[in-house]
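First to last, the sequence lines map onto chains R and L. Under the numbering used here, residues 1 to 113 are what the first sequence spells out, in order. Under the numbering used here, residues 114 to 224 are what the second sequence spells out, in order.
FYI, nobody ran anything at the bench for these hints, they're computed from the structure. A couple of the hints might just be wrong.
[Said to hold, decoys possible] Not close to chain L: a few residues of chain R, all C-beta gaps over 10 Å, as computed:
| no. | residue |
| --- | --- |
| 1 | 26 |
| 2 | 71 |
| 3 | 78 |
[What the hints assert, rightly or not] In the EDC-like style, the derived pairs of lysine to aspartate or glutamate whose C-alpha atoms are separated by at most 16 Å in a straight line are:
| no. | chain 1 | residue 1 | chain 2 | residue 2 |
| --- | --- | --- | --- | --- |
| 4 | R | 44 | R | 26 |
| 5 | L | 169 | L | 184 |
| 6 | L | 219 | L | 151 |
| 7 | L | 172 | L | 196 |
| 8 | L | 219 | R | 38 |
| 9 | R | 44 | L | 118 |
| 10 | L | 223 | L | 130 |
| 11 | L | 170 | L | 196 |
| 12 | R | 9 | L | 154 |
[Claimed, not checked] Covered by chain R, according to a simulated footprint, are these stretches of chain L (three or more residues, beta-carbon under 8 Å):
| no. | stretch |
| --- | --- |
| 13 | 142-151 |
| 14 | 158-165 |
| 15 | 214-222 |
A virtual CB, placed ideally from N, CA and C, is assigned to each residue, including glycine.
What follows is each chain in one-letter form.
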Amino acid sequence: NAGVTQTPKFRILKIGQSMTLQCAQDMNHNYMYWYRQDPGMGLKLIYYSVGAGITDKGEVPNGYNVSRSTTEDFPLRLELAAPSQTSVYFCASRPTRGGTEAFFGQGTRLTVV
Amino acid sequence: TQLLEQSPQFLSIQEGENLTVYCNSSSVFSSLQWYRQEPGEGPVLLVTVVTGGEVKKLKRLTFQFGDARKDSSLHITAAQPGDTGLYLCAGEGDSNYQLIWGAGTKLIIKP
Numbered sequence: 001n002a003g004v005t006q007t008p009k010f011r012i013l014k015i016g017q018s019m020t021l022q023c024a025q026d027m028n029h030n031y032m033y034w035y036r037q038d039p040g041m042g043l044k045l046i047y048y049s050v051g052a053g054i055t056d057k058g059e060v061p062n063g064y065n066v067s068r069s070t071t072e073d074f075p076l077r078l079e080l081a082a083p084s085q086t087s088v089y090f091c092a093s094r095p096t097r098g099g100t101e102a103f104f105g106q107g108t109r110l111t112v113v
Numbered sequence: 114t115q116l117l118e119q120s121p122q123f124l125s126i127q128e129g130e131n132l133t134v135y136c137n138s139s140s141v142f143s144s145l146q147w148y149r150q151e152p153g154e155g156p157v158l159l160v161t162v163v164t165g166g167e168v169k170k171l172k173r174l175t176f177q178f179g180d181a182r183k184d185s186s187l188h189i190t191a192a193q194p195g196d197t198g199l200y201l202c203a204g205e206g207d208s209n210y211q212l213i214w215g216a217g218t219k220l221i222i223k224p
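With the rest of the complex left out, here is chain L (with noise of 0.2 Å):
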């Protein structure tokens, strides 16, 4: 069974701060995806990383996939408060047709 593990679970911090979230497996994934929920609504694809050590940025987040294609990384930049949501990771399963989704960061970013 495959499996991701998402760390932290929740994060609060301040505005400006920076901050890493990571997503962790010991099997390997054909991509990875990140993506926010806000609350009330279904969650939105970030990114998409397929090729081990891709690095792909978007504004102040930086998204890394591991070279081995077993974790992954993000990495937001002088956070502001329109940063905060959920952030999940879903990695492409063995089968293909699934994903398989980390539990989630909950992240806070104070004013």
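Here chain R stands alone, though its shape is the one from the complex (with noise of 0.2 Å):
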């Protein structure tokens, strides 16, 4: 079972640079979340989607855009990066409301140097 698969699992940017974050799920959940979580810290919103082609901002969306062309991928992009970006990033995904579980992938941790 794969489950929630994110790429990479490492990245060190420099200041300026662009990335895209991969995730991947197989489970054909509705709902996909990105978060970030920095060192000690609980997770932040970041973006999120209930379905193919819709998306909406959490609660620290600047910085960062998404796109869900497919049930299956949800990849975040980073433009200009700086170095406040720097933290462990996190896909989740969940097939519906209603109490359902939220799975996560093994987290990117980013670097912005």
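From these two lone chains plus the hints, build me the complex, please.
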């Protein structure tokens, strides 16, 4: 069972560079999320999607963009990387509302220097 | 805006002791979940509670949902080093699309 797959696991970016964090799930889940987690802290929602073609901003969307062209894939784009974007990024999915379990990828550790 | 306040933020205790972690809000949640996260991994679901007053047990872990569905607690009996990790609570928000997350409790159990 693949579940939620994130790539890459680690990345170092220079200030001003751009990159895309990939997220794919094979569970046919409607809801997908991108979070960032700073050291010793909880999860902050960047963007979420409730289905293909539908995305919405979370609490910290500035500097990021997303798309959801298929049910399976939910890439996160960083434009003009800044040191404040140094963090661990987690992608998660769940089938629908109603107390369903959120499944997480293993995370992408991003450092901007 | 719905918020979940989790306490304590950090707890370091000896093996064999008991502990309780709290998750509180002024808002009502339709369900509340507890996750555990180990270093280098994503959070993994421990339990979901949906009914006010509900109590669920998972071996030495006891989870309770408040009667008014505004708060929850996680109690660990006779903690073991394997319980070490970051514990996160998450409530299903008004929109039902998002999960509202607590800031987490970092738990260290010393042998």
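Hint by hint, here is what the structure shows:
The Cβ of residue 26/R lies farther than 10 Å from every Cβ of chain L, with a closest approach of about 16 Å, so its non-interface assignment holds. For residue 71/R, the condition that its CB be more than 10 Å from all CB atoms of chain L holds, with the nearest at approximately 16 Å. Against chain L, the non-interface label of residue 78/R holds: every CB pair exceeds 10 Å, the least being about 19 Å. With a CA separation close to 24 Å, the supplied pair residue 44/R and residue 26/R exceeds the 16 Å bound.
Of the pairs offered as hints, the one joining residue 169/L and residue 184/L holds, with about 14 Å between alpha carbons and a cut-off of 16 Å not exceeded. Between residue 219/L and residue 151/L the alpha-carbon distance is near 10 Å, which keeps this suggested pair within the 16 Å criterion. The straight-line distance between the Cα atoms of residue 172/L and residue 196/L is roughly 12 Å, inside the 16 Å bound, and the hint therefore holds. A hinted pair counts as satisfied when its Cα atoms are at most 16 Å apart, and residue 219/L with residue 38/R qualifies at roughly 13 Å.
As the CA atoms of residue 44/R and residue 118/L are separated by approximately 14 Å, the hinted pair is consistent with the 16 Å bound. For the given pair, residue 223/L sits about 10 Å from residue 130/L by alpha-carbon distance, which is consistent with the 16 Å threshold. Taking the CA atoms of residue 170/L and residue 196/L, the gap is about 15 Å. The hint holds against a cut of 16 Å. This hinted pair checks out: residue 9/R and residue 154/L have alpha carbons roughly 11 Å apart, not beyond 16 Å.
Using a Cβ-Cβ cut-off of 8 Å, 4 residues of the stretch 142-151 of chain L lie near chain R, which meets the minimum of three, so the contact claim holds. With 3 residues carrying a beta carbon less than 8 Å from a beta carbon of chain R, the stretch 158-165 of chain L meets the three-residue requirement, and the given coverage holds. Given a C-beta distance limit of less than 8 Å, the hint that chain R covers the stretch 214-222 of chain L holds, as 5 residues qualify and 3 suffice.
The structure does not agree with numbered hint 4 stated previously, though it agrees with all others.
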